[in-house]
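J.: Single-letter residue listing:
4 protein chains.
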Amino acid sequence: MKLTKDQQQEIKDQQSQKNDTKRVIAPELEKILYEAIPALDHGFVRVVDYMGNDTSIVQAARVSYGKGTKKVSTDSGLIKYLMRHWHSTPFEMCEIKYHIKLPIFIARQWIRHRTANVNEYSARYSILDKEFYLPSSENLAAQSVNNRQGRGEIIDGEQAKEVLGLLKKDAERTYSNYETMLNERYDGSKIDENKKGLARELARMNLTLNTYTQWYWKTDLLNLMNFLRLRADSHAQYEIRVYADIMLESLKKWVPITYEAFMDYRVGGTEVSANGKKIIQKLIKGENISYEESKLSKREWNELMEAFDLKDKLI
Amino acid sequence: MKLTKDQQQEIKDQQSQKNDTKRVIAPELEKILYEAIPALDHGFVRVVDYMGNDTSIVQAARVSYGKGTKKVSTDSGLIKYLMRHWHSTPFEMCEIKYHIKLPIFIARQWIRHRTANVNEYSARYSILDKEFYLPSSENLAAQSVNNRQGRGEIIDGEQAKEVLGLLKKDAERTYSNYETMLNERYDGSKIDENKKGLARELARMNLTLNTYTQWYWKTDLLNLMNFLRLRADSHAQYEIRVYADIMLESLKKWVPITYEAFMDYRVGGTEVSANGKKIIQKLIKGENISYEESKLSKREWNELMEAFDLKDKLI
Amino acid sequence: MKLTKDQQQEIKDQQSQKNDTKRVIAPELEKILYEAIPALDHGFVRVVDYMGNDTSIVQAARVSYGKGTKKVSTDSGLIKYLMRHWHSTPFEMCEIKYHIKLPIFIARQWIRHRTANVNEYSARYSILDKEFYLPSSENLAAQSVNNRQGRGEIIDGEQAKEVLGLLKKDAERTYSNYETMLNERYDGSKIDENKKGLARELARMNLTLNTYTQWYWKTDLLNLMNFLRLRADSHAQYEIRVYADIMLESLKKWVPITYEAFMDYRVGGTEVSANGKKIIQKLIKGENISYEESKLSKREWNELMEAFDLKDKLI
Amino acid sequence: MKLTKDQQQEIKDQQSQKNDTKRVIAPELEKILYEAIPALDHGFVRVVDYMGNDTSIVQAARVSYGKGTKKVSTDSGLIKYLMRHWHSTPFEMCEIKYHIKLPIFIARQWIRHRTANVNEYSARYSILDKEFYLPSSENLAAQSVNNRQGRGEIIDGEQAKEVLGLLKKDAERTYSNYETMLNERYDGSKIDENKKGLARELARMNLTLNTYTQWYWKTDLLNLMNFLRLRADSHAQYEIRVYADIMLESLKKWVPITYEAFMDYRVGGTEVSANGKKIIQKLIKGENISYEESKLSKREWNELMEAFDLKDKLI
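If you're matching them up, the sequences are chains A, B, C and D in order.
Okay, so the first sequence: first residue is 1199 according to our numbering, each after it adds one.
Okay, so the second sequence: first residue is 1199 according to our numbering, each after it adds one.
Okay, so the third sequence: first residue is 1199 according to our numbering, each after it adds one.
Okay, so the fourth sequence: first residue is 1199 according to our numbering, each after it adds one.
Treat each hint with caution, since some may be false.
Copies of one chain are not kept apart here, so a pair can be met inside one copy or by any two copies together.
Capping the alpha-carbon separation at 25 Å, the derived lysine-lysine pairs in BS3-like fashion look like this [stated by the list, open to error]:
1. Lys1475 <-> Lys1220
2. Lys1359 <-> Lys1393
3. Lys1483 <-> Lys1220
4. Lys1200 <-> Lys1367
5. Lys1366 <-> Lys1200
6. Lys1480 <-> Lys1509
7. Lys1483 <-> Lys1496
8. Lys1480 <-> Lys1511
9. Lys1220 <-> Lys1394
10. Lys1367 <-> Lys1328
11. Lys1328 <-> Lys1394
12. Lys1393 <-> Lys1496
13. Lys1451 <-> Lys1229
14. Lys1359 <-> Lys1388
Calculated from the structure, these hints are not laboratory results.
Using the sequences and the hints, build the whole thing.
T.: Laid out in structure tokens, this is it:
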């Protein structure tokens, strides 16, 4: 990640602010506010604003349940209770805003989470930066044989070189032709003073999907956790997981109590179907039950056994 | 509006906070933060948190439109441009949270704005306060004869007294019977130690719709303006307008530049249909055009003439 | 439930329609289309329109996953897979619309599900029907001692009579005074020709929360299942569960394969936290683990033991 | 647009369905149901399902406003009234589902309308079709000089040839290298039996933004009109306008009365700000008012004069 001088100055200016407020604050999050945390080869994650902290969740829950919640003696106990019972609205009372730089093919995956506010850099108005994502060699994986959406073994040696070469050359060539069509270079300088340039809204179509874009992305705490549960998961595509992992760290700094409950009940938890429950019950009673008797599909059986770390039962 | 000692203390504690933050602030809004501004006879509006200010809108717009927006020299010019052209996403980058006490029949109208986060006091868990809305005499209006959802002349004299008497007596009696059924008074004390009380989730059904409830209500700036455009309008029910007017004041303190643009383009503006445009064009050319030739309905004609203050053309 | 002659005629007219369509249909749902299924003492549930069936989910999933999904040989297998892995968007491709009559205090609970479209009968425009909910004697429960939002033992004998008497008398009196203030009876007839009536938008505040209202409520299949998971659950308030149970029946007629998967993975399933998983693992291995060692709260321990039907471990 | 044999057969099968339903139908829309209407060079729009018609809007409005609406004698009068006064919820009672094939850079613009349900073809699972958008020569426009997001004059002659050549060659080369990396051709055949292929979720990043994707897109009538107002507008990018125009035609076939009102009040209408109203009032009175006195920006002045066709006042 390389920031321009302008960007570095902007971040410095933002970080040197010191304002008085009567609002609640999140001290650990304040420490990294505005900082550009590197993600992939040219991307970053920046927390640029937030509203509320763990106490805001408690405050909202207590207005809902009135004097009733006074019995739960601690904030931590109440937040755990809310998380366990899927009470959603108190978690919606906190809000966070990120500035993110990411490859377009990841942006397309990300945007499917609709319950967020987004302002993306517009290639109708402006020229996109000359930056594209190239996977590092340890992330250059073959298509998985078992899992249609997963990755298998690492590709290495000659084939790896070839793949990286193609990705690099194609991105550079299409970007260079983008400039030619625009009759303008990425720094805004004209190429041929006597020529018109193609409309930006058209020229952009020549770029490859690993070109970087950027956006401001704002969401409430509940929807952030929904996003992280899916995208910080081991089944998520590696490239989006890199971002989700950084955001998970910011969650910890922002709302540490909620973070603990989230890790226990969501990230580390599992779901068991009605049929799955019957099988677990038998196993607890010490009864034997085989896959064949289980009425589960093979995949479902294995998922259940893995969830409870019963490796000898995998088939 | 009468706050309990506990509430007064809570507000005092919140207001005496003084925290350092690197976030942007809204200095005028900070001054009234947490304050309970009276609304109707027992209600209030409190701003309890916010995120962003006018500069956040500009910041988001500039990331979208890139270098392009640098030409618009001032923040004010850019915000006006965004408002005029219905650019919505930059206004979604600011967020505000209110604590509001309001009668249930108004809460039911309010909740139809779905794009907000809400935590309402739950009468399943707790006992509702013994407070109900009674209109002041200048707001005791008869049903409008022309407008099915509007108010007509003021009701006064004997009939006014009768109406207010009925509202008061019914609210008090149903509340008293609510306590009887609960076997518990509003302050939590038991009535008859040897009796069970009816479940709260059932007993509440005996309350009248003018009973007060309260909630935390959080929304982004765009949706706040959508709410205010409808509810601070002269066609809105008086009782919700009281709240909207207070919130309009908080909008002005929070984002003064956006407020100006909002008043000019939304609140003070009007819409003209394709047919309406033709009529205005003729009037500008000095041509005569009568209602009969206009192809508009009577109501539509009058709305158009009123919008442009052409009172002699009303029919 | 008593329908007016007009309503009966409207339903008859709707049911006698026979239209040709190229759209997919749900044959079992067609059989009960428009029918008013009674709920509580005066309410009803009517399915008035729908879009799509089980095959629409499969069709949407196959466009997403392309040739990949062709391997899953059956629609049923694919729908189970989607449900198990929380794939949400294919279930959003079906839509259903209900006409529902329900008490206001239940409508207030219901409306908190924001992801639906609603048109409610407006008491600003029109006079509400003279109908209020009175619980049947087997549903007249005392406040639970353990659970702040639950019901405990049945209230019977003299106290039951007293409660029902109060509910009935208060609803009737407030409704009668509503008519007096409106100077209009529920059938639209004037009471005193020489008097003005109070504006409807004001008079309605005198009604009790068990007065019936009605609305059209439209939602997609995913959000319908979210609603039913919460509201057909044993922890939901009885009065809303009555509606949810009827709607669960309509779900079965509409999308029978999805219904099966929903019952297995959602309604009949359970969630286990990271800490809970460790305990279940020990129990499967035959190790002893007591509540004291578990690090769970008492409530959480009991919920876990109940989920797996380990009644001897309840504390 | 070229459909595969499989697609042609699927459409034929769908169109030959003839089902009985008690639901309301839209006869004109039924005639084009499932048909693939060509858009751009390889895209299409297909209506694949719908729910409701003009009468559904009226039905929902009448439940809201009760007996009150019976005074409006015709469905058409009521729908016009609802449209004029921005009543939104009755229009949410109708739903439509499209199957659309479109270039990725247009899909990225489209998806910013968040209030719709989407299932997109996934390039994580499957190989994208070998089809890319190339503008026809009359749509090859230069960047506008005045408008940062607009198009100016047509580019023609040698430069046009060059641009089209670059777009074509880059799309073909990057697609060919996509196949090489996948070790698989677009038809699914392996290239080198002894080689692994790069994971699909990675290889896709090499494609250019004019590659076609496809999705199912479902929305309610209100949000469809919001989409069309922006995207069938002359300021929208040509490539998305092509789709919006086709969808506008389907709107006319689906809900003809609503379509009329939409064209009059939304598409053909205009908005006038508070300041703009004062100017129009002066013009109607025959008073002179110049741009200099108007307090409007130049751009705003011109937009106002254009809205009322006052060409001699443009500056």
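J.: Does each hint fit the structure? Answer for all of them.
T.: Status of the hints after comparison with the structure:
In this assembly of identical chains, lysine 1475 and lysine 1220 lie within 25 Å of each other by CA distance neither inside one copy nor across copies; the values are 50 Å within and 41 Å between. With identical chains, the CA atoms of lysine 1359 and lysine 1393 are at most 25 Å apart between copies only, with a shortest distance of 14 Å across copies and 39 Å within one. Proximity of lysine 1483 to lysine 1220 under the C-alpha cut-off of 25 Å is found in neither arrangement, the shortest distances being 57 Å within a copy and 53 Å between copies. Taking the closest pair of Cα atoms, lysine 1200 and lysine 1367 come within 25 Å of each other only inside a single copy of the chain (21 Å); across copies the shortest separation is 31 Å, beyond that limit.
Proximity of lysine 1366 to lysine 1200 under the C-alpha cut-off of 25 Å is restricted to the intra-copy arrangement: shortest distance 18 Å within a copy versus 32 Å between copies. For the identical chains of this complex, lysine 1480 and lysine 1509 are neighbours both inside a copy (17 Å) and across copies (14 Å), given an alpha-carbon limit of 25 Å. Within a single copy, lysine 1483 and lysine 1496 get their C-alpha atoms as close as 23 Å, and across copies as close as 23 Å, so both meet the 25 Å cut-off. For the homomeric pair lysine 1480 and lysine 1511, the shortest alpha-carbon distances inside one copy (14 Å) and between copies (16 Å) are both at most 25 Å.
For a Cα distance limit of 25 Å, the shortest separation of lysine 1220 from lysine 1394 qualifies neither inside one copy, at 54 Å, nor across copies, at 45 Å. Taking the shortest alpha-carbon separations for lysine 1367 and lysine 1328, both the intra-copy value of 13 Å and the inter-copy value of 20 Å come in at or below 25 Å. Only within a single protomer do lysine 1328 and lysine 1394 lie at most 25 Å apart by alpha-carbon distance; the minimum there is 21 Å, versus 31 Å between protomers. Taking CA atoms no more than 25 Å apart as the test, lysine 1393 paired with lysine 1496 passes in neither setting, with 64 Å inside one copy and 29 Å between copies.
For a Cα distance limit of 25 Å, the shortest separation of lysine 1451 from lysine 1229 inside one copy, 9 Å, qualifies, whereas the shortest one across copies, 28 Å, does not. For a Cα distance limit of 25 Å, the shortest separation of lysine 1359 from lysine 1388 across copies, 20 Å, qualifies, whereas the shortest one inside one copy, 35 Å, does not.
The earlier numbered hints that this structure contradicts are 1, 3, 9 and 12.
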